[in-house]
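Student: Residues per chain are reported as follows:
There are 2 protein chains.
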Amino acid sequence: MRIDGRPMRAIWARADGTVGIIDQTRLPWGVETPALASLEDAARAIEVMQVRGAPLIGVTGAFGLALGLREDASDGALAAGLARLLGTRPTAVNLAWALERVRAGVAPLAPGERAAAALGIAEALAEEDVTACRAIGEHGARLIAAVAARAGGRRINILTHCNAGWLATVDWGTALAPIYMAREQGVDLHVWVDETRPRNQGAALTAFELGQEGVPHTIVVDNAGGHLMQHGQVDLCIVGADRITRLGDVANKIGTYLKALAAADNGVPFHVAAPSSTIDWRLADGVAQIPIEERSPREVTHLAGQRVAAPGSAAANYAFDVTPARLISGFITERGLCQAGAGGLASLFPEAAAA
Amino acid sequence: MRIDGRPMRAIWARADGTVGIIDQTRLPWGVETPALASLEDAARAIEVMQVRGAPLIGVTGAFGLALGLREDASDGALAAGLARLLGTRPTAVNLAWALERVRAGVAPLAPGERAAAALGIAEALAEEDVTACRAIGEHGARLIAAVAARAGGRRINILTHCNAGWLATVDWGTALAPIYMAREQGVDLHVWVDETRPRNQGAALTAFELGQEGVPHTIVVDNAGGHLMQHGQVDLCIVGADRITRLGDVANKIGTYLKALAAADNGVPFHVAAPSSTIDWRLADGVAQIPIEERSPREVTHLAGQRVAAPGSAAANYAFDVTPARLISGFITERGLCQAGAGGLASLFPEAAAA
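So the sequence lines, in the order shown, correspond to chains A and B.
Residues 1 to 355, numbered by our numbering, are exactly what the first sequence covers, in order.
Residues 1 to 355, numbered by our numbering, are exactly what the second sequence covers, in order.
The hints are simulated quantities; they were obtained by calculation from the structure and are not laboratory data.
Source: prediction; values computed, not measured.
Even for Gly, the Cβ is constructed at its ideal location relative to N, Cα and C.
Treat the hints loosely; a few may be bogus.
Distance windows between CB atoms, simulated [stated by the list, open to error]:
hint	chain 1	residue 1	chain 2	residue 2	range
1	B	Arg14	A	Pro311	48 to 54 Å
2	A	Glu40	B	Ala151	44 to 50 Å
3	B	His190	A	Gly267	44 to 50 Å
4	A	Pro311	B	Gly76	54 to 60 Å
5	B	Pro7	A	Pro291	30 to 36 Å
6	A	Pro311	B	Asp188	32 to 38 Å
7	A	Pro311	B	Gly153	47 to 53 Å
8	A	Gly267	B	Ala355	19 to 25 Å
9	A	Glu293	B	Asp188	54 to 60 Å
10	B	Asp4	A	Arg155	33 to 39 Å
11	B	Arg307	A	Gly17	34 to 40 Å
Output of the computed footprint for chain B on chain A, the stretches with three or more beta carbons under 8 Å from beta carbons of chain B [to be verified]:
hint	segment
12	73-80
13	342-349
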């Protein structure tokens, strides 16, 4: 997608062998594109959330492993690099998935061949992600068009939580890809953007993305979605995901569950858009089984370096919650739409479900 | 309650004829106590939220009308003063209720007697509010003790949204009064404090109050309550109210509805604490009938004067939402506990329900 009219991706291999990213902790105020030159650079970029979003974390991890193997391609370095990258963030399963793709591809090779092979796999993963997100956009745009048709031509309102746009992937995004494509196809729509405390990825990143693409949108606090739905101001919710169990429970940014409850209470369709790399086929019960990252309390108590909470008061900072499949109307994947719940995802990805 | 160990109320008549308040836009950073010297001072204090909270808004309005009548006690000035104060904030019904109490008391009097009578009524309303909140605390403390008994002696966790503490009333508070009293009675408890965007009354005021009284508490973002409830970390929710319909629908700070949905989904009791001055007996359907204030988008896009949202993006700022009675376990009023829904409130306040 575009920044200041210029096409960009969220991560790319640079001619000098380093990896370019957009420093998302600086958006929307500045567009800085630091270069990752080592595995440690990539690990830190994930930890401090210069890059974030489940698909983008996965691709960044793959590039990071490739950078590490360029310096030391031994079995020991491969194992240590995998452990370092896997330990950066626990909830999004795309990271483990992407790292395993690289590991499986390079482990059988002689050390001297590993770095180049890893870079090739990372680049392939990036391209696959773009392809998957474009497909998610196409499938999701049909869903949006159907909602618009039922609305009889008036402008429809879509609510999204956090940022599941192109900045959370390599390009296009997951939840936002259908919105971008529906708009290109002439659907008249407006997006309610949850600001997404504590890190404000909605107000800072989703609003920025939508603004750059000229998509009408309005920022609201995370508290507002239920009120909007009670008053008929939301026709459809679309969110991304960080991990999906085989039964369709969805870990996503903290607060997603509350919006899904409100959608169910008001008969508003609630869809989750994600590539199959976000599905953890080993897990069934999301609330019980998906690890939820706890981040620094300072993300809650401080904003832009300034304390906003009462002095002396402690804070807790759970980064994700789990929305049970029963609250989800359906999934939007690269292979199309499916119902949430047992059998839905497996019907689209039978080979993965059986593995 | 106390600030720095010193007993204080949230509003008081001063010896010089002005009215003292705590400037709540300065908390928790500074304790400033400006004097309201005119009706316009009082109206502005309500509008800019130097004072906020439904019961405190009502008492402030009453004092404001008394200040106005001191300058001009004519019928015209009384009507204009009522209109000015009523127009400050639309959702909390306590304001209209308190102003009507003053109007009904002074309208039959000769102009020369009105100012003193109005001041007397305002002071009586303040005392009634303290009495009501203390009673709410006593009734609610029994509820908390019962929850603690069921928990078998372990520390219990109570979640609250926004600030319904003593700073939202004259003293004691509504939702927090039971917590203060239960703690005095030796109940081992901990409070989850929703930060309450966009104005952060939880992080700034509730956390401050609880800290001053030594009540264990932890601030979380508004997105977190559902996750906490899914994981058994909330034994009870208690919130305040800005307007309650006769059938038990509750307007309260935006986001209350989302927490009530999560409580219902997880079997967590969800109680609303309010004095009877918060009940609007004329209304039945809260979602359809309670006016919801829209405040400046700047409260969403800016924090401490600094823009936190993407440049150029618009914001909407609905200040309240409505929680349907079906999601409320019960009310805590100055006359005791009752079920939500038809008949509950009327059983405690039959004379008002019949009026």
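Student: Now tell me if each hint is right for this structure.
Tutor: Status of the hints after comparison with the structure:
Arginine 14 (chain B) and proline 311 (chain A) have their C-beta atoms about 28 Å apart, which leaves the hinted 48 to 54 Å range violated. Look at glutamate 40 (chain A) against alanine 151 (chain B): about 46 Å separates their beta carbons, and that is inside 44 to 50 Å. For histidine 190 (chain B) and glycine 267 (chain A), the hinted distance range of 44 to 50 Å is not satisfied, since their beta carbons lie about 36 Å from each other. For the pair proline 311 (chain A) and glycine 76 (chain B), the beta carbons lie near 48 Å from each other, so the given range of 54 to 60 Å is not met.
Distance hint check for proline 7 (chain B) and proline 291 (chain A): the Cβ-Cβ separation is about 47 Å, which falls outside the suggested range of 30 to 36 Å. For the hinted restraint 32 to 38 Å between proline 311 (chain A) and aspartate 188 (chain B), the CB-CB distance of approximately 25 Å leaves it violated. With their beta carbons about 32 Å apart, proline 311 (chain A) and glycine 153 (chain B) fall outside the hinted range of 47 to 53 Å. A C-beta distance of roughly 37 Å is found between glycine 267 (chain A) and alanine 355 (chain B), which places it outside the suggested range of 19 to 25 Å.
The hint said 54 to 60 Å for the Cβ distance between glutamate 293 (chain A) and aspartate 188 (chain B), and at roughly 29 Å that hint is violated. Range check, aspartate 4 (chain B) to arginine 155 (chain A): about 53 Å between beta-carbon atoms, so the 33 to 39 Å window is missed. Between arginine 307 (chain B) and glycine 17 (chain A), the C-beta spacing of about 38 Å keeps the proposed range 34 to 40 Å intact. With a cut-off of 8 Å between beta carbons, the segment 73-80 of chain A has 0 residues touching chain B; three or more are needed, and the interface restraint is violated.
Chain B is given as covering the segment 342-349 of chain A, and this is violated because 0 residues of the stretch bring a CB closer than 8 Å to a CB of that chain, at least three being needed.
Going down the numbered hints, you'll see the structure goes against 1, 3, 4, 5, 6, 7, 8, 9, 10, 12, 13, while the others check out.
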